[in-house]
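Chemist: Top to bottom, those sequences are chains A and B. Our numbering puts the first residue of the first sequence at 3, with every later residue one more than the last. Our numbering puts the first residue of the second sequence at 63, with every later residue one more than the last.
There's no promise every hint is true.
Claimed, not checked - DSS-like cross-link-like pairs, simulated, lysine-lysine; straight-line CA separation at most 27 Å:
| hint | chain 1 | residue 1 | chain 2 | residue 2 |
| --- | --- | --- | --- | --- |
| 1 | A | K100 | A | K39 |
| 2 | B | K452 | B | K473 |
| 3 | B | K231 | A | K4 |
| 4 | B | K231 | A | K100 |
| 5 | A | K100 | B | K452 |
| 6 | A | K4 | B | K452 |
| 7 | B | K236 | A | K39 |
| 8 | A | K77 | A | K14 |
What the hints contain is simulated information worked out from the structure, not anything from laboratory work.
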Amino acid sequence: MKYLALVYFDEKAMAAMPEPDWASLNRECIACVDHLKDSGHYLGGSPLESTDTATTLRVRNGKLSTTDGPFAETKEQLAGFYMLEARDLNEAIQLASKIPPARYGSVEVRPVRELEAYRLPEAS
Amino acid sequence: MSEPTTLAMRDTLNTIYRTESRRVLATLIRLLGNFELAEEALHDAFAAALTQWQRDGVPNNPRAWLVSAGRFKAIDQLRRRARFDASLDDIAQQFDLEHEVSVDDSSDEEVQDDQLRLIFTCCHPSLSADAQLALTLREVCGLTTEEIARAFLSTPATIAQRIVRAKAKIRDAKIPYEVPAQAELNARLDSVLQVIYLVFNEGYSASAGDQLTRNTLSNEAIRLGRLLCELLPDPEALGLLALMLLHESRSAARTTADGDLILLDQQDRTVWDHAQIAEGSALIVRALESRRFGPYTLQAAIAAVHAEASSASATDWNEIVGLYDLLLRVSPSPVVALNRAVAVAMRDGAEAGVALIEAILARGELADYYLAHAARAELYRRLGRNAEAKSAYSQALALTRLEPEQRFLNKQLAELAAEA
């Protein structure tokens, strides 16, 4: 079963972190991903640039509108994501608890929804 | 078949339902991997028992019979549905195959594990606290949604919806039906203990709702506590059961016939339930011997010191303060600090207690907690500082909506006014 682990933290607080600590946290993240790859639980993922770089878009009546920044102002911002393969929620929670920023912010674990059931049968 | 025999069989089945239905359900959920399917299967199994046992007599092992019947009914059900959905046929076949290889689905050990699996699943921290409570009372205790609704002053529709959502989350997020691995066990057990204690407190101190419902909840919590101690005798599980028994031992002395509150120091200690006190105290000894005890055991130990004293003045307040010191270390909270302050007042005098409570309030903690103000008021009154007592009682009164508490506080205010 696939689970998406969404990593959130307070960007301002993290930006204030001394450079050596930030570098060490990033090295931890690399090690975490390597570890998840070795155990076969890692399907993909990436850290994200800060919400300063975000653009939110909407399409209404076929018309595209874009706005600066994230969809909602929150105390913690989306900072990255991991797509994980796990046996069940308990294993997903165990895996996600090893994501280094979990010590600073929070990690939301969501099961992935399958769209396949909605695919129309192919005309042949 | 004659009418009286049917009635006798219904009685037998009712008894078996009471003792076995939760265990059968716990096993069926494991075998079928689905709460709804298991509940339907449980229902169908008992319906089948009514006709078949009538004819063939009660089987030697009713539980095993019910599990097996429930499982076949579920497979039947899946097959019937499979006519409309091919993917279900695979599932039904899978159950059939697994059945061939399973050794004994209803051995005592396996059934105990199933009950634990059910408890840990219902108390999974990924479910909201409300959902954990409702699901545990429904699935583990077998209360109806109507009974749960009455106990929580809610509507059956709300409770039913809460349970449906929780089951959907268990299914969709794939919360496994398992006893957590050793590494996670302590954290997960905390969550179970919390649910049980919440159920107990809802019954013990619930504001409204009729007395009968409240007793139901306290009794269910104690029953759950006993079950957990049987299945997983962790020191804190023992401690929690002891704590509940010791609180419950005072229930007959806690209120007057009119439902007015009686404080601990004025309770008639001869009506305390001494069997419950003895059972609780024995559990505390076991928990303390483990040296892995925690906050529940310490709270129980405090309750036991009270229980062993023949009167409030004969209480070993020094020991109680010492236990609160330990409790503050393992689980610091302003409420524990408040209780410690009251114990200090009993040991060292009201002045010392008031100073501690005022310090807690000065830190901005418990300002909205009526008991902090009620305790302060009581101590001021003992010191003869009636103006401060009156103001503190009034603050407490403004902060509680519970009717017996309001009556109690109004009575204190009236007495103060009479003294003036």
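Chemist: For every hint, state whether the structure bears it out.
Modeler: We went through each hint and held it up to the structure:
{"no.": "1", "hint": "K100(A) to K39(A)", "verdict": "holds, 13 Å"}
{"no.": "2", "hint": "K452(B) to K473(B)", "verdict": "holds, 11 Å"}
{"no.": "3", "hint": "K231(B) to K4(A)", "verdict": "holds, 15 Å"}
{"no.": "4", "hint": "K231(B) to K100(A)", "verdict": "holds, 23 Å"}
{"no.": "5", "hint": "K100(A) to K452(B)", "verdict": "violated, 54 Å"}
{"no.": "6", "hint": "K4(A) to K452(B)", "verdict": "violated, 61 Å"}
{"no.": "7", "hint": "K236(B) to K39(A)", "verdict": "holds, 22 Å"}
{"no.": "8", "hint": "K77(A) to K14(A)", "verdict": "holds, 10 Å"}
In terms of the numbered hints stated before, the structure departs from hints 5 and 6, listed from lowest to highest.
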